[in-house]
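*Asks:* Sequence:
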Amino acid sequence: MSNYPLSYKLSWLPRLLRPSLGGDKSGFAAPAATLIDPLPMQSARLAFIGDISAVANRDTPECDPAIAALLSSADLVIGNCESPIVERPRAIIGTLLGTHHAMSERFLADALAAAGIARERLVLSLANNHVLDQGIGGFEETLAALNRLGIRTIGTVAGGPVQVHAAGSLAIGFAAFSLWRNAGAISFEQRISMCGDPAKWPRDAVSGVDLLCAVPHWDWEFRHFPRPATRALARRLADHGVGLIVGHHAHVVQPVEHIGDSVIAHCLGDFLGTALARQPWPGRIGSILTVDVSADIATRGIIAAYRLHFFARLAAQGHERLVPVDALDGAFKRRVAARLGAVFPAQATFAQKPLS
26 MSNYPLSYKL SWLPRLLRPS LGGDKSGFAA PAATLIDPLP MQSARLAFIG
76 DISAVANRDT PECDPAIAAL LSSADLVIGN CESPIVERPR AIIGTLLGTH
126 HAMSERFLAD ALAAAGIARE RLVLSLANNH VLDQGIGGFE ETLAALNRLG
176 IRTIGTVAGG PVQVHAAGSL AIGFAAFSLW RNAGAISFEQ RISMCGDPAK
226 WPRDAVSGVD LLCAVPHWDW EFRHFPRPAT RALARRLADH GVGLIVGHHA
276 HVVQPVEHIG DSVIAHCLGD FLGTALARQP WPGRIGSILT VDVSADIATR
326 GIIAAYRLHF FARLAAQGHE RLVPVDALDG AFKRRVAARL GAVFPAQATF
376 AQKPLS
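Letter 278 of the sequence shown, counting from 1, is numbered 303 in our numbering, and no numbers are missing.
The hints are simulated quantities; they were obtained by calculation from the structure and are not laboratory data. It cannot be assumed that every hint is accurate.
Unchecked claim - Restraint-style ranges between C-beta atoms, simulated for each label pair:
1) Asn-172 <-> Ala-196: 21 to 29 Å
2) Asp-229 <-> Ala-367: 43 to 51 Å
3) Ala-196 <-> Ala-352: 30 to 38 Å
4) Ala-363 <-> Gly-233: 40 to 48 Å
5) Gly-48 <-> His-283: 15 to 23 Å
6) Asn-172 <-> Gly-119: 19 to 27 Å
7) Ala-352 <-> Ala-254: 32 to 40 Å
8) Ile-161 <-> Asp-222: 24 to 32 Å
9) Met-66 <-> Ala-340: 38 to 46 Å
Given the structure is predicted, the values throughout are model-derived calculations rather than measurements. Beta carbons: idealized from backbone N, C-alpha and C, even for Gly.
Build the full structure now, drawing on both the sequences and the hints.
*Replies:* Right, dumping it as C-alpha cells:
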C-alpha cells in the first residue's frame, strides 16, 4: 500500500534507533543569515514549525515562554499536521503500537495555546504520509475539526497545488505536497497533493503572489543530511521560481541550503510528538524557522533574513517540555550542541542568543 522503496523500509528501524550523520555535507549554508542589508523598513514574519503529532505523549505539552513569545510574534505560523484529528481511532492496534497516528481536537487546541500560536494565524499542511492513518473517515473528521478550530490547511487536492494566504500585507503562495504515502495510491492521491513538479502547477495559481513557498514532505527519515535526489528536487523548485522551501518528514534537523536567491530548510525536525515514549535523543532536537520577508516596494517578496531557533523536547510524565537549547544544562546540552555542530556549518554558534 505504501510507496517506500525496499531499501528505505529495511533501513527505517536502524535509523530510528541511531539517526545517521552520513551523506554529502558540502554546499550548505549557516542556520541564520541576513540577506538584505540594511533590513527593510517593512516586513512580514513567517514562522515554520515541524511535525505535530501525539503518539507516545498525549497530555498537553509545556512550552518555554521564550518559544511561545517567538511564535506569537509571527504574522503567520506554518506547520505540518502529522496526525489525523479524531476522537476515537479507527486503526486501534496500529494506534496502540504507534505505527498509526492520531490526536484529539482538544490536544491540538491546548498544545497550540501552550505554544503561543493563535489559531487564526496558523496554516497546517495535510500533505504527509500519516494523514490517512485513520482511514478516509478519519481524514474527513480531521478536516471538520480544523474547520471548527478556525485553522487553514494546505496540501489537499481540493485546495489546489498552490494556496495563497496573507502574511501582513504580503500574499504568500504555498505549494505543499508529499512524496510519501502510507495508504493506497487511489484513496491518497484523490485527497492529498503529491505534485512536486512545479512545471505542472497552473500559472494562474502563482500569479500575484509576493513569495512562492514549497512545503514538501520528502527525503528519508532519521537522516541529518538530505539525499541527492532531495537536493535535486530543491534545485528544480528553485529554478521554477520557488523562493522558500521548508521540508518535513525526516524527524531530525537538517541543514539549510541557498540555491540562487532561494532558501531551503531541508527539515525542521519534529515540533510535537514521538513514535516512542523513549525516543533516541537526536530525534528530540527540533527547530523553528523564522523568515522575515520584505514588504518594501523595491524588495517586496524577497527574503530579508532567516534564522533557525533550536530547542529540545524533553520527556516528562505523559507529556513533553519544549526548551530552547541555550536553556539546557549539563551533559545533555553538550551532546545537543555537538550534534548541531555536526549538522550545521562551523560558523554557527549553538550557545544561542535569546529567541527573538
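*Asks:* Each hint should be assessed against the structure and marked as holding or not.
*Replies:* Comparing the hints with the structure gives:
1. For Asn-172 and Ala-196, the hinted distance range of 21 to 29 Å is satisfied, since their beta carbons lie about 22 Å from each other.
2. Range check, Asp-229 to Ala-367: about 44 Å between beta-carbon atoms, so the 43 to 51 Å window is met.
3. With their beta carbons about 36 Å apart, Ala-196 and Ala-352 fall inside the hinted range of 30 to 38 Å.
4. One distance hint, 40 to 48 Å for the beta-carbon pair Ala-363 and Gly-233, holds here, with the actual separation near 46 Å.
5. Against the hinted window of 15 to 23 Å, the Cβ-Cβ separation of Gly-48 and His-283 comes to about 18 Å, which satisfies the hint.
6. About 26 Å separates the C-beta atoms of Asn-172 and Gly-119, a value consistent with the hinted range of 19 to 27 Å.
7. Range check, Ala-352 to Ala-254: Cβ separation about 37 Å, and the 32 to 40 Å hint holds.
8. Distance hint check: the CB atoms of Ile-161 and Asp-222 are about 26 Å apart, consistent with the given range 24 to 32 Å.
9. Between Met-66 and Ala-340 the Cβ separation comes to about 44 Å, which falls inside the hinted range of 38 to 46 Å.
Hint compliance for this structure: no hint is broken.
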